[in-house]
Amino acid sequence: MGLLDALVEGALADLPGAAARRATAEAIGRVEALAAVMRFELHGLRERLRQDELAARMREREIAMTEGWLLPRLRRDVAAYEARLEALLAALREP
Amino acid sequence: MTVVRVPRSLWEALRRAHPGTGDDALARACVERGRRALGEDGLRAEFARRTAAALLLRTELLDARGRAREAAARERASYERHLALEREVVPPIRARARELRAAIAGAEADLRARGLDPDAVAPPMPVDALSVDQEPPRYRTPEERRRRAVEFFRRVGGP
Numbered sequence: 050m051g052l053l054d055a056l057v058e059g060a061l062a063d064l065p066g067a068a069a070r071r072a073t074a075e076a077i078g079r080v081e082a083l084a085a086v087m088r089f090e091l092h093g094l095r096e097r098l099r100q101d102e103l104a105a106r107m108r109e110r111e112i113a114m115t116e117g118w119l120l121p122r123l124r125r126d127v128a129a130y131e132a133r134l135e136a137l138l139a140a141l142r143e144p
Numbered sequence: 069m070t071v072v073r074v075p076r077s078l079w080e081a082l083r084r085a086h087p088g089t090g091d092d093a094l095a096r097a098c099v100e101r102g103r104r105a106l107g108e109d110g111l112r113a114e115f116a117r118r119t120a121a122a123l124l125l126r127t128e129l130l131d132a133r134g135r136a137r138e139a140a141a142r143e144r145a146s147y148e149r150h151l152a153l154e155r156e157v158v159p160p161i162r163a164r165a166r167e168l169r170a171a172i173a174g175a176e177a178d179l180r181a182r183g184l185d186p187d188a189v190a191p192p193m194p195v196d197a198l199s200v201d202q203e204p205p206r207y208r209t210p211e212e213r214r215r216r217a218v219e220f221f222r223r224v225g226g227p
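Residue numbers (this note's numbering), protein chains in the order written: chain W, 50 to 144; chain F, 69 to 227.
Okay, chain W solo, but in the shape it has when bound (with noise of 0.2 Å):
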């Protein structure tokens, strides 16, 4: 603050009382127009920060368990369907 009041200080010193009012009137105008710009982008932002963190974490927990569980299960039984193929066909070869 104290920064931007040296600022404002020093940028309307060579102006009348009046004049240096108007201007920092204008100012506060401006500087809160910029505000709502930036706070309505600012809402949008966490919204779809909040929604890509939401699906994120849904999918990683989707592939973890694909990953972790499902694709071990289906290639135990894969491993166990060969097995038992195998055998039969065996079983079917001997005379």
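Keep in mind that a hint or two might mislead.
Unchecked claim - Taking CB as the label site, the calculated pair distances span:
#1 F:Phe221 with W:Arg106: 14 to 22 Å
#2 W:Leu138 with F:Val157: 24 to 32 Å
#3 W:Arg71 with F:Thr209: 53 to 61 Å
#4 F:Phe221 with W:Ala132: 21 to 29 Å
#5 W:Ile112 with F:Asp92: 48 to 56 Å
#6 W:Ala139 with F:Ala141: 50 to 58 Å
#7 F:Asp178 with W:Gln100: 53 to 61 Å
#8 W:Met114 with F:Leu129: 34 to 42 Å
#9 W:Glu116 with F:Leu124: 39 to 47 Å
#10 F:Arg214 with W:Glu143: 45 to 53 Å
#11 F:Arg96 with W:Ala113: 49 to 57 Å
#12 F:Pro191 with W:Leu103: 38 to 46 Å
#13 F:Pro191 with W:Arg95: 53 to 61 Å
#14 F:Ala181 with W:Ile112: 44 to 52 Å
Hints are computed from structural coordinates only; laboratory data are not their basis. Here the structure is a predicted model, which means the values were calculated and not measured. Note that beta-carbon positions come from the ideal geometry of N, C-alpha and C, so glycine has one too.
Given the coordinates of chain W, work out where chain F should sit on it, guided by the hints.
Frame of chain W; chain F shown alone:
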């Protein structure tokens, strides 16, 4: 010691407004004025307060943009990995399992036709084998997907 980060453009503007004053003197004056301005009324104090709030908002916004970029990248990476698993990794293993089950059924039928018991000559099928005969279900709502997943894992006892 408290460190205050000031945007370069703002500091340059301050230097131009107070030519001939060194950086240290300017920084000390800013701190002193800040303490005073907090208790002051009037347009200048109002400008300083609102601009300071806007600058904080700007810092927050820049930070949020960075975090949003990171979250979007993480979301995209998880999407691509999930898609690769669902399209390229899981389906071929399921297809292989289906193929083997069909071949097993055929071989079992041939053995029975010869009067032999398939279970007497071959290791058993896994009792908790995953179903690979159906396509993965499509869910209407995320809630339905969640409920069905919970029911499924209760049934099969994992993970």
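Going down the list of hints, with the structure as the test:
1. F:Phe221 with W:Arg106: 14 to 22 Å: For Arg106 of chain W against Phe221 of chain F, whose Cβ atoms are near 18 Å apart, the range 14 to 22 Å holds.
2. W:Leu138 with F:Val157: 24 to 32 Å: For Leu138 of chain W and Val157 of chain F the Cβ distance comes to about 28 Å; the hint holds.
3. W:Arg71 with F:Thr209: 53 to 61 Å: holds (58 Å)
4. F:Phe221 with W:Ala132: 21 to 29 Å: At 27 Å between Cβs, range holds.
5. W:Ile112 with F:Asp92: 48 to 56 Å: holds (55 Å)
6. W:Ala139 with F:Ala141: 50 to 58 Å: holds (53 Å)
7. F:Asp178 with W:Gln100: 53 to 61 Å: holds (56 Å)
8. W:Met114 with F:Leu129: 34 to 42 Å: holds (36 Å)
9. W:Glu116 with F:Leu124: 39 to 47 Å: Since the Cβ atoms of Glu116 of chain W and Leu124 of chain F sit about 43 Å apart, the hinted range of 39 to 47 Å holds.
10. F:Arg214 with W:Glu143: 45 to 53 Å: holds (51 Å)
11. F:Arg96 with W:Ala113: 49 to 57 Å: holds (55 Å)
12. F:Pro191 with W:Leu103: 38 to 46 Å: Hint holds: Cβ distance 45 Å, inside 38 to 46 Å.
13. F:Pro191 with W:Arg95: 53 to 61 Å: holds (57 Å)
14. F:Ala181 with W:Ile112: 44 to 52 Å: holds (45 Å)
Every hint from the earlier list agrees with this structure, and none is contradicted.
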